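Number of protein chains: 2
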Amino acid sequence: MERKIFKKLVSMEDALKILYSHYTPKPLGIEEVPLERALNRVLAEDVYSDVDVPPFDRATVDGFAVIASDTFHAHENRPVTLRYGGTVDAGKVPKIKVVPGVAVEIGTGAVIPKGANAVVMVEHTSREGDFVKIYRSVAPGHNIQFAGSDVMKGEFVLRKNTILTPHEIGVLAAVGIAKVKVYRKPKIALISTGDEIAEPGETLEYGKIYDINRFTITSHLIEDGAEPTFIGVARDNPDEISSLIKKGLEVADVVISSGSTSAGVRDILYNLINKLGKPGILVHGIKTKPGKPTIIALLNGKPFFGLPGYPTSALMIYKSIVSPIIRKLSGYPTIKRRKSVKAIIKSPIYAETGKTNLVPVSLIYDSKGQLIAFPTPGGSGSIMKLANADGYIKIPETINFLEENSEVEVFLFSEDFEPPDLFIIGSHCLGLDLILSLMIRRNPNLKFRVVNTGSYGGLMSVLRDEADLAGMHILDEKTNEYNIPVIKHLKVEEKVVFVKGYIRRQGLVVQKGNPKGIKSIEDLLRDDVSFINRISGSGTRILLDILLKKIALEKNIPFNELIKKIDGYHVEVRTHNAVGAAVKSGKFDVGLAIEPIAHMYELEFIPITNEYYDFVISKSRFEKEAIQQFLEVLKSEEFQKTLSKSLPGLKPYEDTGRIINLI
Amino acid sequence: MERKIFKKLVSMEDALKILYSHYTPKPLGIEEVPLERALNRVLAEDVYSDVDVPPFDRATVDGFAVIASDTFHAHENRPVTLRYGGTVDAGKVPKIKVVPGVAVEIGTGAVIPKGANAVVMVEHTSREGDFVKIYRSVAPGHNIQFAGSDVMKGEFVLRKNTILTPHEIGVLAAVGIAKVKVYRKPKIALISTGDEIAEPGETLEYGKIYDINRFTITSHLIEDGAEPTFIGVARDNPDEISSLIKKGLEVADVVISSGSTSAGVRDILYNLINKLGKPGILVHGIKTKPGKPTIIALLNGKPFFGLPGYPTSALMIYKSIVSPIIRKLSGYPTIKRRKSVKAIIKSPIYAETGKTNLVPVSLIYDSKGQLIAFPTPGGSGSIMKLANADGYIKIPETINFLEENSEVEVFLFSEDFEPPDLFIIGSHCLGLDLILSLMIRRNPNLKFRVVNTGSYGGLMSVLRDEADLAGMHILDEKTNEYNIPVIKHLKVEEKVVFVKGYIRRQGLVVQKGNPKGIKSIEDLLRDDVSFINRISGSGTRILLDILLKKIALEKNIPFNELIKKIDGYHVEVRTHNAVGAAVKSGKFDVGLAIEPIAHMYELEFIPITNEYYDFVISKSRFEKEAIQQFLEVLKSEEFQKTLSKSLPGLKPYEDTGRIINLI
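Each protein sequence line maps, in turn, to chains R and Y.
The first sequence begins at 2 in the numbering used here and counts up by one.
The second sequence begins at 2 in the numbering used here and counts up by one.
In short, the hints are calculated from the structure, not lab data.
You may find that some hints are simply not true.
Stated by the list, open to error - Pairs of lysine to aspartate or glutamate residues, derived as EDC-like cross-links and limited to a Cα-Cα distance of at most 20 Å, are as follows:
(1) Y:K96 / R:D196
(2) R:K134 / R:D63
(3) Y:K115 / R:D529
(4) Y:K93 / R:E206
(5) Y:K93 / R:E200
(6) R:K369 / R:E206
(7) Y:K182 / R:E200
(8) Y:K115 / R:D568
(9) R:K115 / Y:D529
(10) R:K293 / Y:E124
Claimed, not checked - Calculated from the model, a selection of chain R residues having no Cβ within reach of chain Y, i.e. all distances over 10 Å:
(11) P397
(12) T399
(13) E605
Unchecked claim - With the C-beta cut set under 8 Å, the calculated list includes, among others, these residues of chain Y facing chain R:
(14) E197
(15) K209
(16) Y211
(17) H221
(18) N272
(19) I567
(20) A583
Predicted model, so just to flag it, every value in this text is computed and none were measured.
Cβ atoms here follow ideal geometry from the backbone N, Cα and C, with glycine treated the same way.
Chain R with its partners taken away, still in its complex shape (with noise of 0.2 Å):
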């Protein structure tokens, strides 16, 4: 297998200018739509209205037609008495005519009978038998609404390109429009490429994954108004890539393939999409950082886009470069725009140069409404680190380090995106997710995201005014205290607002019956023994290695010779559930987690240790309604008596809920 490597990269700028050089994209055609399928389409014509709007003069209120000048002298205590002409209602042709000394009943919304050019409402008049008395005047004109007045026959209504939200089809159905002229939606074939591309809903074979790319992308082509089709998933073979990129430019106005971008598999697909048409490829690599291995073709007049598999990177491709263009063909690009947002972040982001850094981000407002950027964990290949994501920043080619407290733009994955109410950086507890539960009981409306970085992460977060709250767990050697040693040693008391959470039973998870007879942490140094860790930086592994390191001290063996002994010791995750999943499903024998865990996958525990897992919340944030809800519920007596009883292993006590004074 000989490997190429990409010589030919551009800049995201030079791509899509290759493109533009041969392709102009625009809407591709007009179709006529019922105005109640019209919602969201595009206008495709201006709109001049054929008729008046109201089409005649009509009452605005119940009252009584009359001539103006008939009430010049009417008062509250003198009313003018008018003869009874009669009654109009609404939808029907007056016959009426309103003579001198005649008032004819109205309703709201009928026709101003001829002669009559103002109302008197019903609450200023009184009828008595075939008389009518008038206690206030009217001037002409007064609760008419004039045939024409809102809008005029003729008249200007609807600009070209709008996008029909409910108030433009209020305004078309108005108007008398049925049937209204929208630009076509673009078609979209979508080829997912790759030997380990499965189907969700499918058992996966060992070595598959599942295709992710295809749903992403779908939903993604849908909020810029196009119209996908998936043509199907394509094994790395030249005819099966072939074959369907054919199908998809037959039935399609753009083809988008995801996958099959590694250097081995590039090498063919360069190869067959330059014999599918003319010009082929115009672009063989992208310098970004992800995905640099995006291809972009003409194929006689379409847009093909090979776009990388990880699915963080074939996101942000499609974001950056295909959906302008999509929402151009779309005729969106005129007014759904709020495509990005500034934003600060706390920490400095390094980006590798020479390429355009793509770096996803979840967003989240501070207590003065600065929103806040933080660059969501995990490599491209996760999609957690997409799923935590509201947007993502550009970092130019030329910079390799962002300064913390830079402003940077985001650009929103959803325009609708809205950062959650609680923003929690820390450490992973079952007992927070229940915290959580309680509070969405309370309010169904709040929003969080949860990132598991660990409890030292947390910390870190909260102090650079990332996150709003930390959960941790952090044991200090010296004292075998918890937490307060590590903030002190800080020296940041003042920064932050410290609670007292509640106690969590720590152990050794093993398989039910125990099979490898595990007692004690000694046990993992065994060689029939296979340990998941967690990651560095979390409470347990802090636990973990304090316990380690004690056994160093006794056999005297340096601490980092002891942990080469644990098969799995550098195989971390983020999460306690983590540990229970991978144990439960054999794959590891023990792994060091909560009581709960044990439970929950059914797993035998073997205590280790009580703990303190307790919160830091950031000063500043203190007062944010989401922050003082937490507080509450954590206070609460349906959250005390609730903890221990669904989480065996977990203990409120009389501490839970008070705010420490550290100074």
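Position chain Y relative to chain R; hints supplied.
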């Protein structure tokens, strides 16, 4: 016809309380949909992962899988040499085992072969026949994404009640879910009532109006996650209304009607609704303005809402009372929530006490980024009042007056509301429309809102910091000068930037052939001539009145007596187009309008005068990008060349676009 006064009016809050005491809106059931159709649906269950993501340890780069300790001594200038052990491709199950001293070539995403615990990037290697040179050391775990490190089997991934955006769709695909449980959409039956209702597309009989509510409410129901069905139009007779409501109750979860809420027909509605189910009518009317005649009933477990007929009233009652209930049925309320924004009003708003006043407003940002709310002009029967509104404010029952500069909460009609880039309130001109068209051509993303209130209203709006810009043409009687005298008279020279516009020819427009032989303004006094006027405060109206005052003086008749001789003096329209359309239709013989109107509507034009049409711009907003773009276009050759050509009677001159210092 006996009129029933709405005796049992309740407040908006109480109306909902009464309904909620009988009825709890919540999702109505669960259905399973394929992932490709799940976008924007609401998740009906907590989702845990049944698989690990990734499902196996995989390479995150192209390179060589190795045992990390084999590379520990590798350096750029002192590579370690390993034996080439074959290749592993993505999607294949590796049959090779890596033993000490061996490196196996591996593609991104491929399964890490047994024995290996790290991957060296291809860039840091060189293959030489059967050997591979390694130039950098790697630690255990390097360039490997471990099975389950993203999502572990058994892990909690998505919370019930989450709205499924492309992100969540991606997460579901990643964990292999092909079908997802979502709440079924609530079915809503929609009925329009009233003898006057015609369907768009039909020719309008005299006395009828097109159905608007059917389309606006349908569109809003779709946005609220419901499935609307239009049941039909019921004439104002009990059998027809009754049978349509019955049909609605059979097929839907909620029935909404609009119209037929005027006092007379309401009695019919009351009686028949109470026969259709228990407990029957709960609310007979609401203390709101508009929206008073709203009916709320519960008919054997299904809510019925009788909305007013006027589109603005119907929609505001829908948004404030019905929509929150529909969203609870859809399962939406927990997510889409940007329902309101804070804004400042720049002129006082008067309200009717004893009712909640609902006032539609337009929103615009001022130069400081402050959101300003401007009540849209027009009565509750006006569709343009609604079309120009971004939302509405609620003035509580007890308040009859909101001071200028009050902060108000604006309830948005649409969550992805976006204020216009340029808010123009003032005199309507086709030349101004041309400038906007040219601006759009240069920057298709621009969004405008133009509200035609006439010259004086526009100037006032700019002074109150509501509008960005106003077009004006106000003749001063004494000096015979345009625009500057009124600004000086108001002593507001320092608050505005005054920009010279262009010259417009004003004149009388009459039907082709001038059948009435009209020659001058004096002909308006003739008995056989009907005239269509412009709204007071408009420059054209001011011009007309100045001309009429001269005639009054000559004839020695008081002005107020003189205008009584003009048939139609009190029929006022907002725009020049409206004048043209009215004369074209034959409803009026003559109007005063700018010359291009005559061409546009194929009318005859009798020149009266040349006038200066200029612009005032809020000084504090002068730096706004859209205003600068406006001035650029005004000064451009493109505009000045196009103006007279496309709009005969309008012409630029040497001062066009010049900023005049008034101080």
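(request) Given the hint that K134 (chain R) pairs with D63 (chain R), test it: the Cα-Cα distance must not exceed 20 Å. (result) holds (15 Å)
- Take the C-alpha atoms of K293 (chain R) and E124 (chain Y), compute the straight-line distance between them, and say whether it is at most 20 Å. holds (15 Å)
Residue hint K209 (chain Y), partner chain R, criterion CB-CB below 8 Å: holds (6 Å)
Can you confirm whether the C-alpha distance between K96 (chain Y) and D196 (chain R) stays at or below 20 Å? The hint holds at about 16 Å.
- Query: Any Cβ of chain Y at or closer than 10 Å to E605 (chain R), or is the non-interface label fine?
  - Reply: holds (16 Å)
Q | Assertion that P397 (chain R) lies outside the chain Y interface [Cβ separation over 10 Å] | A | holds (23 Å)
Per the CB criterion, is Y211 (chain Y) less than 8 Å away from chain R?
Since the shortest Cβ distance to chain R is 5 Å, the answer is holds.
| message | Please check whether H221 (chain Y) passes as an interface residue: C-beta within 8 Å of a C-beta belonging to chain R. | response | holds (5 Å)
- Query: If you draw a straight line from the CA of K369 (chain R) to the CA of E206 (chain R), is it 20 Å or shorter?
  - Reply: violated (51 Å)
- Using Cβ atoms only, decide whether N272 (chain Y) comes closer than 8 Å to chain R, and label the hint accordingly. Hint violated; N272 (chain Y) Cβ to chain R Cβ min 18 Å, cut 8 Å.
Need the status of pair K115 (chain Y), D529 (chain R): alpha-carbon distance at most 20 Å? holds (17 Å)
| query | Non-interface claim for T399 (chain R): all C-beta distances to chain Y beyond 10 Å? | reply | holds (21 Å)
Hint violations for this structure: numbers 6, 18, 19, all remaining hints satisfied.
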